[in-house]
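J.: Below, each chain spelled out in residue letters.
Protein chains: 2
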Amino acid sequence: MLPVLPWQMILKRVQQLMYEAIHMKNTDMPDKTLGLLRQEYLKLDWEGRSRALLVLSTEFGIDNARVVNLMRHYLSLQPDDSKREIQKLEDSERGVLAARYRTEHDLRSALVPLSSRLFEHMNGQVGGLKFLVDLRADLISVIKQQNLASLRALDANLKGMFSTWLGPACLELHQITWEDSASLLEKIVGYEAVHPISNLYDLKRRLGVGRRCYGYFHPAMPGEPLVFIEVALTKDMGASIQEVLFDEVPLPESEATAALFYSISSTQPGLKGIDLGNFLIKRVARLLQQEMSQLQVFTTLSPIPGFLKWLIPKLVSACKSSNVNPSGNSVDDTAASNVFKEELLHKSEERAILEVFGGDNKDANPLEILLRLLTSDQEWVKTEKLADTVRPCLMRLCARYLLREKKRGKALDPVTNFHVRNGAIVERLNWMGNRSTKGLQESAGIMVNYLYRLEKVEEINQAYLNQGEIRASPAVEEYLQPNYRACI
Amino acid sequence: MLPVLPWQMILKRVQQLMYEAIHMKNTDMPDKTLGLLRQEYLKLDWEGRSRALLVLSTEFGIDNARVVNLMRHYLSLQPDDSKREIQKLEDSERGVLAARYRTEHDLRSALVPLSSRLFEHMNGQVGGLKFLVDLRADLISVIKQQNLASLRALDANLKGMFSTWLGPACLELHQITWEDSASLLEKIVGYEAVHPISNLYDLKRRLGVGRRCYGYFHPAMPGEPLVFIEVALTKDMGASIQEVLFDEVPLPESEATAALFYSISSTQPGLKGIDLGNFLIKRVARLLQQEMSQLQVFTTLSPIPGFLKWLIPKLVSACKSSNVNPSGNSVDDTAASNVFKEELLHKSEERAILEVFGGDNKDANPLEILLRLLTSDQEWVKTEKLADTVRPCLMRLCARYLLREKKRGKALDPVTNFHVRNGAIVERLNWMGNRSTKGLQESAGIMVNYLYRLEKVEEINQAYLNQGEIRASPAVEEYLQPNYRACI
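From first to last, the protein sequence lines are chains P and W. If you're matching positions, the first sequence starts at 1 in the working numbering and goes up one per residue. If you're matching positions, the second sequence starts at 1 in the working numbering and goes up one per residue.
Check before you lean on any hint, since a few could be wrong.
One copy or any two copies: either way a pair holds, since identical chains are not told apart in the list.
Stated by the list, open to error - The calculated lysine-lysine pairs, modelled on PhoX-like cross-linking and capped at a C-alpha distance of 25 Å, are:
1. Lys282 with Lys32
2. Lys159 with Lys407
3. Lys32 with Lys456
If you are wondering where the hints come from, they were derived from the structure by calculation, not from laboratory data.
Construct all of the structure, not just a fragment, from the sequences and the given hints.
T.: The following block contains the structure:
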């Protein structure tokens, strides 16, 4: 017989504690058992935790027999079709109605898995919520490896509980400043998800004059920012991240008329899918409006993470179809290649590209040239003439990507979906808004401003959810006009 | 045709708004509709509100057809008995399992009544939670008049939602002092439920030296204390409310070794059944322990609201049976009267009462005398000799009432149930602890100290919930010893 490995012993202990915690005769689960359970779970390594979560998902579900009985009882209480005409509330019918309500109530209760009850009690403990958030981070990883229905169900339940426990009424808004603890500031540096912060001194610049940083905290998780946002107070709507991050002389705050939300980061992997950013943006916008009435314009300066991910495959297949039919004649083409052939570039854009990049090559394909530029080492960016050549078509294609590309009725770009769902409009595209390698690789350096008008958010949200409308400013809509001709 | 009354029109509008709010095509309910709904509901008078709540409870329930379908589907997915032996997870079985989880999830969702969804969205609004708490106060009153199953179901759901939204992690503890707004202090005066406060100056004494007041607040209901507690810092465990309320010279706080919780008040009728007091007491005890390490003893000074309500009917029926058999001979008695005949008083107690109160009356009945004293104008209290005579038996009967009288496994006295369930023990009975009319009428002036030891609360709570044990100090248990003879 093989020796029992340490993690196997701990796992056994974890299972034992889970059973103890759940099968207490009364509804109050002792702190002690839950405390031990947390301790033992945290001792487990990856393998052990996967197994513990699997056990939790399969052996701590619902009492199936009880649920089946309640369902059968409920179905037996359904009104007889033949009696449907008789609307009088007889005593017996009233009794049946009361029995139906009771059964609904009992069924609601019986459908709560034991694991959910365990989570509820865990949440009542000091430190319990943080433990559960980290546990869900584990669970999300396990599901990536073993996509089982039981694990997905466990995840859905726990996520639902987080949504309830982390409602905006419970969250505390805190302005993060250089007066905060180094321990908190170090977390901010680590959690920053959009524009990496080099070190604490780099962070200091983002907390100084003309800058603000706010985070949402939950009283049950002290010192742990759940989501935070960085704001720049600017003269006009900001157009590039370079000005925000590297401006030497900050604008005196009294001269600022615009607030620019340039970075928002969710910090807990275990809170994936819980949208706290929406509440945070609006809360901060309202706060800034109250504190500084001269601020008129509230926009983001956002990346477009999906633009080139979308454009490049399209260029690849456009290149393939244009190579199959170099002459442009489509009479003998198969129907299939006709359907897929899309005109990505306007004729004028193709000509401009060929003129500057084509050289002497008669067979130069503007689509291939563009593809090569976008997948290269981005030297073209450094030369203004070269950059100016591709600018019109890239801006136009970007506008098309943002406003027209959808998936299941939602904007294809996740950042667009986020902001438009929040009730913002696509206000302006910014060429070379982000010159960093990441910015160029993601979206050819283009950044977008989403504009928030608090009195309009509900209307825009409704139009998006009901009609799938992605509202944009006239300047952005203009890119998509058929007669669009760029002027730089 | 009768003219349409104003409240009927408003009610129509309320119904309309309810439908609008619920039947939006998407899941985000517009703030505007919900805001209007609240406005219109608040315009309704009592009759209108009753009807509105009835409509909400009967027409905003679950989609019965959908629930029935899901149930039938779930039942069809149950494993066949004949296959139970075959434990292999075939692909089809794995699919069935996934379908079962999905159906469970859908059923959980389908069992959430439309009214609950309405409440959820309402809670997301500013002022929404307070509106719902007041709405539940209305609902509780309506149920007193019309005890319908549909209304009870609506109440149970809303109460469940409050339990979730008002978990201790979300509540803010605030020490209430003379520095707080007059508006808040006025609310405290109005909400005080145990020892009435005459006016703001009377309150000031309860916030001064040697006194503390703490309340739980929820961020979504600013300025509204949900529950508050009053504490006196004393030299020894306090024995009477007179010393607490009317002591002229407060003890210097450095000399205090005991904290006495002498009043706890829940403020919102709409939060009936939501226990916030438990968390509050423990939170405050921990806080005081940290702030003032010289505090060793944490007790309450509590009323006994049910003592005479229990004792007097017993005395009445004991009087009846003793009058039926004046001689004490029971040979010819009917079996029934024997069963009900209880020895309320010990022989020695009866003799003492007769000696002092009996006068020359040979047929004087000590039970009748006691009954008369307790239901009279309480003049006996003022004479020490008279009070001392009934003291032993009343204290003994009170101890019996607290420790032995139960209903469905729980302590009969609601205050006892509250504290013992929290994990406190019955520490000491105090004769003339409350000399006010209310105190004398409720419990012949007796008050009780419940003692909290934070490290013991879980053990005592478990013993109560599992075995129904009401733990008491040796001094209190002594009253119930068979050989108990009181020494004053």
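J.: Now tell me if each hint is right for this structure.
T.: Results of checking the hints against the structure:
no.	hint	in the structure
1	Lys282 with Lys32	between (41 Å within a copy, 17 Å between copies)
2	Lys159 with Lys407	within (24 Å within a copy, 40 Å between copies)
3	Lys32 with Lys456	between (51 Å within a copy, 12 Å between copies)
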